[in-house]
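Q: If you want the building blocks of each chain, they are given just below.
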Amino acid sequence: EVQLVESGGGLVQPGGSLRLSCAASGFTLGDRYMDWVRQAPGKGLEWVGRLRNKANGDTTEYAAAVRGRFTVSRDDSKNSLYLQMNSLKTEDTAVYYCARVYCRGPSCPWSEDYFDSWGQGTLVTVSS
Amino acid sequence: DIQMTQSPSSLSASVGDRVTITCRASQGIGNYLAWYQQKPGKAPKPLIFAASTLQGGVPSRFSGSGSGTDFTLTISDIQPEDFATYYCQKHDNYPLTFGGGTEVE
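Heads up: the sequence lines are chains A and B, in that order. Count along the first sequence starting at 1, add 144, and that's the number in this note's numbering. Count along the second sequence starting at 1, add 371, and that's the number in this note's numbering.
Just so you know, the hints here were simulated from the structure itself, not pulled from any lab data. Hints may be right or wrong, so weigh each one.
Unchecked claim - When the alpha-carbon atoms are kept at most 30 Å apart in a straight line, the in silico DSS-like pairs for lysine-lysine are as follows:
{"id": "1", "chain 1": "A", "residue 1": "Lys222", "chain 2": "A", "residue 2": "Lys198"}
{"id": "2", "chain 1": "A", "residue 1": "Lys233", "chain 2": "B", "residue 2": "Lys413"}
{"id": "3", "chain 1": "B", "residue 1": "Lys416", "chain 2": "A", "residue 2": "Lys233"}
{"id": "4", "chain 1": "B", "residue 1": "Lys416", "chain 2": "A", "residue 2": "Lys187"}
{"id": "5", "chain 1": "A", "residue 1": "Lys233", "chain 2": "A", "residue 2": "Lys187"}
{"id": "6", "chain 1": "B", "residue 1": "Lys410", "chain 2": "A", "residue 2": "Lys233"}
{"id": "7", "chain 1": "A", "residue 1": "Lys198", "chain 2": "B", "residue 2": "Lys410"}
{"id": "8", "chain 1": "B", "residue 1": "Lys416", "chain 2": "A", "residue 2": "Lys222"}
{"id": "9", "chain 1": "B", "residue 1": "Lys410", "chain 2": "A", "residue 2": "Lys187"}
{"id": "10", "chain 1": "B", "residue 1": "Lys413", "chain 2": "A", "residue 2": "Lys222"}
{"id": "11", "chain 1": "A", "residue 1": "Lys187", "chain 2": "B", "residue 2": "Lys413"}
The structure presented is a predicted model; accordingly, all values stated were derived computationally and were not measured.
So that you can see chain A by itself, here it is in the shape it has in the complex (with noise of 0.2 Å):
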């Protein structure tokens, strides 16, 4: 059975960092492109960022709001992706999911790019 835990979430005043994980279960990382989504409280789903596998390099992908502040990186011996946040902003407030992408082979085609498994969530607020 597929898994994903997340944890690391807190209170962190603006400017400080924070890392997040999420355990996954039931695969190997590795063979999955990997993203991060978040919700702030009582809003709709956002896009984060992507890790791909592997075979693709392990590169990444951010969105604009995140990107050069964020970072998503993987351990394989512990079958755990991560999400590196720096420079905190108020309004990174939210829940942060990891969720898998459904694409079964080594390369990703957009027709099977979307979200098949998701964690249950890790609350991040930013506040002084």
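With chain A held as given, fit chain B onto it using these hints.
A: Same frame as chain A, but now just chain B:
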């Protein structure tokens, strides 16, 4: 960037009703559209991808259609467990973008 607009933002329905939610893209996105269901305090659940392909395990009362800029999610014979918020998401290019959501109450 392409914007995704859902309508209505909320709607009222009764068990057994047929419900239709619309998602419009500001530019054509082919058929690269997904739909998710989210209940309060829970993670989104995938329903449909590529505009009309049902995720495994999703009841057949859910259906999706459309291409280009206009898409619909239809719930025929809505059940009590279907009352939730629904989001569309384009999956044709970066940035991946979600609609603002439709609350079905």
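Q: Holds or violated: B:Lys413 and A:Lys222, Cα atoms, limit 30 Å.
A: Holds - the C-alpha atoms of A:Lys222 and B:Lys413 are around 25 Å apart, at most 30 Å.
Q: Between A:Lys198 and B:Lys410, does the CA-CA distance stay at or below 30 Å?
A: 33 Å, violated
Q: Does A:Lys187 sit within 30 Å of A:Lys233, going by the straight-line distance between their CA atoms?
A: Between A:Lys233 and A:Lys187 the Cα gap is close to 17 Å, so the pair holds against 30 Å.
Q: Between the alpha carbons of A:Lys187 and B:Lys413, is the straight-line distance 30 Å or under?
A: 14 Å, holds
Q: Taking 30 Å as the top limit, are the C-alpha atoms of B:Lys410 and A:Lys233 close enough?
A: Roughly 27 Å between the alpha carbons, so the hint for B:Lys410 and A:Lys233 holds.
Q: Taking 30 Å as the top limit, are the C-alpha atoms of B:Lys416 and A:Lys222 close enough?
A: The hint holds at about 26 Å.
Q: Do the alpha carbons of B:Lys416 and A:Lys187 lie within 30 Å of each other, as the hint requires?
A: Holds - the C-alpha atoms of A:Lys187 and B:Lys416 are around 17 Å apart, at most 30 Å.
Q: Would the pair A:Lys233 and B:Lys413 pass a check requiring their Cα atoms to be no farther apart than 30 Å?
A: It holds: about 25 Å lies between the C-alpha atoms, which stays within 30 Å.
Q: Starting from A:Lys222, check that the Cα of A:Lys198 is at most 30 Å away, please.
A: With a Cα-Cα distance of about 15 Å, the restraint between A:Lys222 and A:Lys198 holds, given a limit of 30 Å.
Q: When you check the alpha-carbon spacing of B:Lys410 and A:Lys187, does it fall within 30 Å?
A: Distance ~13 Å between B:Lys410 and A:Lys187 Cα, so the pair holds.
Q: Measure nothing beyond the straight line between the CA atoms of B:Lys416 and A:Lys233; if it is 30 Å or shorter, mark the hint as holding.
A: Holds, at about 28 Å.
Checked against the numbered hints given earlier, the structure breaks only hint 7 and satisfies all the rest.
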